[in-house]
Amino acid sequence: MFWKLRLPLLLTLFVGAVPIVTFFLTEHTPVIGPAVPFVRDRVESYMVIIAGFALLLGVVSVVQGSIRKIERRRPGWPFAISLLTGLLVMGAFGILSAMRVGPFQGLLTAPDGSDTPFYWMTRNMFNPLQAAMFSLLAFYIASAAFRAFRVRNVEATILLAAAFVVMLGRTPLGEYVFSWLPGGERWLPQVTDWIMAVPNAAAQRGIIIGAALGAASLSLRVILGIERSYLGVKE
Amino acid sequence: MVHGTARAGWLGALLLTATGVARAQIAGGETWYEPTRVGAPLVLFLVFSILVLVFIDRSRKGAQLFIRRIAGINAIEEAVGRATELGKKVLYLTGAGSLEEIQTIASLAVLRHVGSLTARYAVDLDVPCKDPLAFTAARETVQEAYMQAGRPDLHTSDIVHYVTYDQFAYTASVTGLMVREKPAANFLIGQFHAESLLLAETGQATGAIQIAGTAEITQLPFFAVVCDYTLMGEELFAAGAYLSREPAMLGSIKGQDITKAMLIVYMLIGILLQIFGVHALKDFMSINGS
Amino acid sequence: MNLERLVHIDRRIIYLLIALGTTIPLLLPIGLPVSSTPPVERLFDKIEGLGQQEVVLVSFDYGPTTAPENNPMAQATLRHCFTRGVKVVVVALFPIGGVTMAGEILEGVAGEYPDLEYGVDYAFLGYKDGAQAAMKQMMGNAFAEVFPQDFFGTDTNQLPLMRRVVNHEQIALVVSFSTNIIGEWWANLVNAQYGTPVAVGTTAVSAPKYYAFLDSGQMLGLLGGLKGASEYEQLLIDAHPELMTIYQQAGIYTAMKGMDAQTVDHAIIMLFIIFGNTVYFLVQRRDARRKQHQA
Amino acid sequence: MTELIGIWIGAFLTLCIFSFLYKDNPFFRFAESLFAGISLGYYIGIVAVNTLVPNLFRPLFGDFVGHAHLLIPLLLGLNLYTRFIPKIAWMARISLAVYIAYYVGINMVQKLQGEVVPQVGSTILNPIGGRMTPVDNLILIVGVLSVLIYFYFSIEHKKAVGVISRVGIWFLMLGFGAAFGYTVMARVSLLIGRMNYLFIDLLHTTADLL
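Residue numbers (the numbering used here), protein chains in the order written: chain B, 1 to 235; chain R, 1 to 290; chain A, 1 to 295; chain W, 1 to 210.
It is worth saying that the hints were derived from the structure and are not from the lab. Here the structure is a predicted model, which is why all the values come from computation and not from measurement. In this text, a Cβ means the ideal position worked out from N, Cα and C, and glycines have one as well. Incorrect hints may appear among the rest.
[To be verified] If you want the footprint, here are the derived chain W segments under chain R, 3+ residues with CB under 8 Å: (1) 6 to 15; (2) 68 to 75; (3) 116 to 126; (4) 151 to 162; (5) 174 to 180.
Extracted from the complex, chain B is given alone in its bound form:
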């Protein structure tokens, strides 16, 4: 039990307390002073390295899953082949460049300044795919607005009204609506700015304060070993 549960919990307590204590101190603090810059500068880079190792676990999971899919001829198994091909080609370029094997002397640009195959695939396949997926949001936001903004009750009406005014006020449309009144073309943009700066800011501030306290409380529960879903083992 000690190794499986207590040791991780004791480590959690110790490792969690260190950044808290050093947060308030400087390197001039007696006794533990020298630890302060170490914690601030080094530990962070350690964590990045640990996260780097974790990626391989993910890769193993993907490869195992895809192979299983192909072996068992599950629905859509041919697409597992295109997945593995993309992974293999791109990953191989990456690993070879990291190890500087043969012609692979740079990840994105070769020493002579020319683009590598890795870069070519990034630019012509990876980036367009990212941008295309991202831009689907315009369609989704339109259909979500159509479906969700209904005058159902007080809350839904407030939501709708605020969204409607801001949508109007952020485009030239808002200027036309009241432009027949003197100075009217500035009304909706001004109302929009007001909504953003006053009630919206208030709501955000309330959420931020609450969420930060909630996060701090959860942090404390983790450090004290009360919350340990991720560790599994129960006492």
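Keeping the supplied structure of chain B fixed, place chains R, A and W upon it in accordance with the hints.
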């Protein structure tokens, strides 16, 4: 025993900080403490920690603490139940964040609960992951949930699986999965970015009951508009504690609430004093600290 | 008529209209008028009031994903500086493609001004990671410390402009084009510490949270999304009509053209919301009547 | 020539993704699976070249004694792989515990210092004076406080508390609606960027290259 050690260690850490600060004050010269942090942040930290610890202690000793109903949390069982009736799977996303993101930790706490429900009801669970560390932790969490529920036989390594680290490649895969496998319940809990709406809107189109939870201010509106239930900000962080019903967990929520009450009173007094030209309370909380 | 079918209208109809509403205005510009707002005017007036020897620091803190919004604002601001003869120092602090964006935009805009001399009228220092630390170091200590060489590999101290510009003391204004957090840091760290005026051009998503900085005076001006960028383009054309030729070229992308598409798409979405609510209202009324009949 | 092919591959993949709007189809599935594979391969390259080699392997192999401290992250990282050996699979949890604990500690103080303190400070404002009108100031104060009351868990939301938390919900809805409306712009902008790429850039570049 562990808790005793934990508390002692914790208090020790506090004491160390306090003495460090006190000695720095006396010595003067080169500061031994961060002047902008020792001030409001330290006081808040101490008050908060002590309140949380006190209420954890009280709760453990049997004090009955009331926690109000949180609709999104109560709906979790209903959602898993529906999946059972329909014989379809439950999809659980832990968000885009890694383990440095506290929202991911909060999500794992909820996943633990969802995992034990799906184990108990023998419903399929699917947890595709974006972050490799979150993936590793989710795997531990789910495995343990199935063990605890007494159904290790239902646990397979297919449940928690890795997809890819890219935000939109991940989103494409998961939306594709939603459309093809039509899960009955989707949980979108953790840190989300622009993909929130792509996921939620696709899930809505497939007719799944959707429970979302995030503290990302920019994404909350989309979940609130599209999903059936949304755990907002602080509710997300409280969810794990609420679900566990463990006294220590509930005590920490109470401590956090009392801190909140104190801050509200502090703000009200501060505002009142501002009117009379006294700025002390505001200055104490200003960005540059003491 | 079956009202239920209208309530649950196929979402693909909405998708199709949005696709058309975006494409058509880009190919056949409408030229809707744009009026400006104070946060944009304040930045414009600031640059309009700068002397020819004064220096603006332009920081590219965004990447390709938000280029449709950020590019036009960066182009308009650079054009404004170059038209007025104000000196410009360009840096990039955004890790994913910031330096590429900076290079492309700068090359394009500077190309429109054949009289400009690199190193004298403007300098491009390149990319530095660790935005917060880099900001503090270049503004507090010296640009040359963070960027010993410029983007092209020349010693920074060899550039006549950079011999004059040491740190924040020679910078009249910082303009950050930012996707997310880096613009905030400019206001938080640089404006707070050195008092240098900071303006930020950001995406429409991030703009709301920047209002707090505008409010607190930590930020001089703010361009929010395409709207902010098109306002700036309009102010620029009004003040410097000679730039009209650039902005009216066919086949180039400007915030004003984008704004036309924006406006059409917004109109489509809002009409759908009105339509949805009308149908919803009719259904409610019909159901209420049916209930009455049954009773 | 490779450039021309590349540009058209990009355009083809863009259309494959867009086809999902109509319905799920083999083109989308192809693009989606390729996307998953390529992106994962991309991050393998990035992590290896930008993190593991320069921050770990090169310093360790170059000057082992000087960088012996890097054994800490190396061992913690390798320890994650104990997952594959059933008998000692639990050891991976130690690395997870260390990773989580460190960030949880940082999070805790940073949230209090960086979010609670400044937001509380800036809510303490004199309703009369400042940049905003007294009414705006009051609305802001009422908004922040009522939202905080809404998040109060350990009290029943009845009577006065119920009323205030209802007001809090209204503020939340107002904020959500506004943010939604505001985001519409950004999302449409992205689509404009893509359409611009498909209809203007693509044809221009093709014409230039031919």
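Status of each hint after checking the structure:
Look at the segment 6 to 15 of chain W against chain R: 0 of its residues bring a Cβ nearer than 8 Å to a Cβ of that chain, fewer than three, so the hint is violated. Coverage of a stretch by a chain is defined here by at least three residues with a beta carbon nearer than 8 Å to that chain's beta carbons; for the segment 68 to 75 of chain W and chain R the count is 0, and the condition is violated. Note: the segment 116 to 126 of chain W has 9 residues with beta-carbon separation from chain R under 8 Å; the three-residue rule is met and the coverage holds. Residues of the segment 151 to 162 of chain W lying with their CB closer than 8 Å to a CB of chain R number 7, which satisfies the three-residue condition for coverage.
Remark: the segment 174 to 180 of chain W is confirmed as covered by chain R, as 5 of its residues place a Cβ nearer than 8 Å to a Cβ of that chain, reaching the required three.
The structure is inconsistent with the numbered hints 1 and 2, although it conforms to all the rest.
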